[in-house]
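From just these sequences and the hints, can you work out the full model?
Protein sequence lines correspond, in order, to chains A and L. Under this note's numbering, the first residue of the first sequence is numbered 1, with each subsequent residue one higher. Under this note's numbering, the first residue of the second sequence is numbered 418, with each subsequent residue one higher.
For the record, the hints were derived by calculation from the structure and aren't laboratory data. Any given hint might turn out to be false.
Computed cross-link-like contacts, DSS-like style, restricted to lysine-lysine with a CA-CA straight-line distance of at most 30 Å [stated by the list, open to error]:
id : chain 1 : residue 1 : chain 2 : residue 2
1  : A       : LYS53     : L       : LYS591
2  : L       : LYS693    : A       : LYS321
3  : A       : LYS321    : L       : LYS563
4  : A       : LYS276    : L       : LYS811
5  : A       : LYS394    : L       : LYS679
6  : L       : LYS811    : A       : LYS162
7  : L       : LYS679    : A       : LYS273
8  : L       : LYS805    : L       : LYS738
9  : L       : LYS579    : L       : LYS619
10 : A       : LYS146    : L       : LYS470
11 : L       : LYS505    : L       : LYS563
12 : A       : LYS383    : A       : LYS321
13 : A       : LYS239    : A       : LYS262
14 : L       : LYS619    : L       : LYS583
15 : L       : LYS470    : A       : LYS394
16 : A       : LYS53     : L       : LYS595
17 : A       : LYS262    : L       : LYS811
18 : A       : LYS88     : L       : LYS619
19 : A       : LYS394    : L       : LYS579
20 : L       : LYS693    : A       : LYS394
21 : A       : LYS200    : A       : LYS88
22 : A       : LYS53     : A       : LYS178
23 : A       : LYS394    : L       : LYS583
24 : L       : LYS738    : A       : LYS53
25 : A       : LYS174    : L       : LYS679
26 : L       : LYS470    : L       : LYS563
27 : L       : LYS619    : A       : LYS53
28 : A       : LYS178    : A       : LYS202
Per the computed footprint, the stretches of chain A lying under chain L, defined by three or more beta-carbons under 8 Å from a beta-carbon of chain L, are [claimed, not checked]:
id : segment
29 : 21 to 31
30 : 113 to 127
31 : 287 to 293
32 : 306 to 317
33 : 338 to 352
34 : 377 to 390
Glycine included, C-beta positions come from ideal geometry on N, C-alpha and C.
2 protein chains.
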Amino acid sequence: MKENNFVKAKIITIGDELLLGQVVNTNASWLGEQLNLNGFQLVSVLTIGDGEKDILDALNACSDVDIVFITGGLGPTADDITKPTLCKYFDTEMVLNEDALENINEIFRLRGYQMSERNRLQAFIPKSCTYIPNRFGTAPCMWFEKENTVYISMPGVPFEMKSIFKTELVERLKNHFKPTPYGRRVIMTTGIGESFLADKIKDWEESLPEFMSLAYLPQYGMVRLRIDARHEDECFMQKSLDCEVEKLKKIIPDNIFACDDKPISEVVVEMLKERKQTLATAESCTGGSIAKMITAIPGCSAIFKGSVVSYATEVKENILKVNHNDVERHTVVSREVAEQMAVGAREIMNVDYALATTGIAGPDGGSEENPVGTVWIALATAKGVVSKRYNFDKDRNNNIERSCITALEMLRQEMLN
Amino acid sequence: MKENNFVKAKIITIGDELLLGQVVNTNASWLGEQLNLNGFQLVSVLTIGDGEKDILDALNACSDVDIVFITGGLGPTADDITKPTLCKYFDTEMVLNEDALENINEIFRLRGYQMSERNRLQAFIPKSCTYIPNRFGTAPCMWFEKENTVYISMPGVPFEMKSIFKTELVERLKNHFKPTPYGRRVIMTTGIGESFLADKIKDWEESLPEFMSLAYLPQYGMVRLRIDARHEDECFMQKSLDCEVEKLKKIIPDNIFACDDKPISEVVVEMLKERKQTLATAESCTGGSIAKMITAIPGCSAIFKGSVVSYATEVKENILKVNHNDVERHTVVSREVAEQMAVGAREIMNVDYALATTGIAGPDGGSEENPVGTVWIALATAKGVVSKRYNFDKDRNNNIERSCITALEMLRQEMLN
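If you want it as structure tokens, here you go:
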């Protein structure tokens, strides 16, 4: 290890598409988080195009770190030049790797396709590297070592990169470098703005031990608090972190909805599972987004029965049994319609809780009475129905996102009471 | 201009949160696209933490480009050290800038808040820079020049960065550098894998003029093709690009769903609008994701009536009128259930087209007959109902995403016939 006792990593992401703005570099942030959680420290991310000189320059500037991840440029087409460039950098030649070939064969066998010559070429890799299996695609993963630095070349397809990192790389890297144990707690808060929260927890924050640090991460309708810690004594560190979380819980009990970095949809699914209760939604302006958030959680079928996305008024009336006269009298963006949607969804889907949304997501459709960003959210339960009007934003996506989170928080609060 | 006649740019994004993976670097991809579309060439993006040495090292490695964008680290808190570091690098001192102060005053006046001392400090900027107004926030934008390279320091808040770039910077940069005109076409293809596509269009690709380049951008169930061109004669370049797209259309007519960079959901919404026809969905394994994709498109209400997200079997039976005996006999992941869902949705929501999905998204729930990744997709039309079985993947998200795209493509093909 170099400089201090942290194992330092760099990421080099290769791909013209990243520089042209056609693709957002989500690989780097995902890998940054995973490295951090496993005790490695990411010190920089460099994105460059598919050009040999740029790749070589980047590799030449890596001797100050312990690990270099190189993602992308491994596809079967002509613009993918990572492999020949690595050959040049490590002064080696391309050879057919039998394991890589077998892997590609296996993938084509499973998919029932014929393998092309292009794909066979993917089994050629630089001679001096260790082949790391990629069970999820035809591009190889390669491990090089040079003067105490490990270089790992990975496919750029996010799903493949992530799967290889988790199944093949993380343990190998830990065994190789034995990094200082790292710990993290993420506390999800809602219902309090960043500066008010900071004032409220100031004394606690100032009393945190030296080896911990706190970060505020505000998001749509919530603030995430992240405590990071590094300490040689892992057991002591973990216990200290738990202890600080317990203290914090006592200071802001109502604002914490999770002591894990998880979405509110997951918290709601867990609470419903525990209570053996069920949920349905009736969505107009959110257009299925709440259902999507819930159904993204594996195992949600135990509690989620379904949703009626009632974008058209006739669907609200015909399926959810919203009263036609109320629509005429109050318009579809009204307390009456929101509440009848929730009650209707609860009845026809036979659930304990039903959430409903109706509003103007924008950019068009606003009126003086109901400008863009006006959203009614209703919750029907065995006790009856409650609803609330919100004025969010001018931005369509923002409105949809905030409506979803606010609806789920309404349900969470109801279950707490 | 240096090296060749392209105006080259670099982005340095500053922020520990980007390295810890808590925030995805969307600024870089947005800026990359804007630069490119305006004739500048982004050659690299470097992400580093809030550390003086790292920032200085990064600035010292910029003399090979014409423009350097520095985003982030301009907030009012102590961890934001970009300004003092720029002072050091440009060997200058901080002075109060009256325009910056007036701008901050104005923002506080509009918001009706009292200005704090912290915010007043934001009006101090390095003496040697040109102040570029930021009408959208309290952090300044600063323009430096040193040995033919322009350095622009911008706030990291995406909305502010984007607004400043569009309103204050792009014209200034074009006047300063007069870059070579740039053109781009994006062709969206589906129904053919990357290597098969590459084989099919090989001759066309090889015959592209020198000033064009082609890139393959594979995604769930589709491949985007991007043609980039740079040429002094803008009119000639644009016509040549159109000409190449026309040639390509003749080679793979069935696989192209758009000659614009837009999602298939948008293409389907446009086609339906033009035909004055309507759509509804009945979603089991996709859990509302198709509805969400459709309702993300502004103006979709003209063609989209709604969705029944029938996660529970009873919702399939009660609302969509799926036959209970067929569920018992064939299970919910079957041709019979998919087709009845589509037909039911078409009838109860009174639409021209209804898409239905039922499958095993995973990670659990697979069987020998229907392993994880098995999905039935059905489309009901005035002519009847068609359906097809797919075997996607092991990954839940991947299965959901591919099911959505495949369903929308099924509808698109139906409308083409």
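Cross-check of the supplied hints:
1. A:LYS53 x L:LYS591: 27 Å, holds
2. L:LYS693 x A:LYS321: Distance of about 26 Å is within 30 Å: holds.
3. A:LYS321 x L:LYS563: 69 Å, violated
4. A:LYS276 x L:LYS811: 28 Å, holds
5. A:LYS394 x L:LYS679: Judged against 30 Å, a Cα distance of about 22 Å means the pair holds.
6. L:LYS811 x A:LYS162: 14 Å, holds
7. L:LYS679 x A:LYS273: 39 Å, violated
8. L:LYS805 x L:LYS738: 20 Å, holds
9. L:LYS579 x L:LYS619: Judged against 30 Å, a Cα distance of about 38 Å means the pair is violated.
10. A:LYS146 x L:LYS470: 26 Å, holds
11. L:LYS505 x L:LYS563: 13 Å, holds
12. A:LYS383 x A:LYS321: 19 Å, holds
13. A:LYS239 x A:LYS262: This hinted pair holds, its Cα atoms lying about 21 Å apart.
14. L:LYS619 x L:LYS583: Roughly 38 Å between the alpha carbons, so the hint for L:LYS619 and L:LYS583 is violated.
15. L:LYS470 x A:LYS394: 40 Å, violated
16. A:LYS53 x L:LYS595: With a Cα-Cα distance of about 26 Å, the restraint between A:LYS53 and L:LYS595 holds, given a limit of 30 Å.
17. A:LYS262 x L:LYS811: 22 Å, holds
18. A:LYS88 x L:LYS619: 27 Å, holds
19. A:LYS394 x L:LYS579: 16 Å, holds
20. L:LYS693 x A:LYS394: 28 Å, holds
21. A:LYS200 x A:LYS88: 57 Å, violated
22. A:LYS53 x A:LYS178: The hint is violated at about 33 Å.
23. A:LYS394 x L:LYS583: 19 Å, holds
24. L:LYS738 x A:LYS53: Not OK: L:LYS738 and A:LYS53 at ~63 Å, beyond 30 Å, violated.
25. A:LYS174 x L:LYS679: 42 Å, violated
26. L:LYS470 x L:LYS563: Between L:LYS470 and L:LYS563 the Cα gap is close to 19 Å, so the pair holds against 30 Å.
27. L:LYS619 x A:LYS53: 26 Å, holds
28. A:LYS178 x A:LYS202: 35 Å, violated
29. 21 to 31: With 10 residues close enough to chain L, the hint holds.
30. 113 to 127: holds (count 4)
31. 287 to 293: With 6 residues closer than 8 Å to chain L, the segment 287 to 293 of chain A meets the three-residue bar; holds.
32. 306 to 317: holds (count 9)
33. 338 to 352: Since three or more residues must qualify, the claim that chain L covers the segment 338 to 352 of chain A holds, with 3 doing so at under 8 Å.
34. 377 to 390: This one is violated; 0 residues, fewer than the three required, reach chain L with a Cβ under 8 Å.
Hints 3, 7, 9, 14, 15, 21, 22, 24, 25, 28 and 34, counting from the list given before, are not met by this structure.
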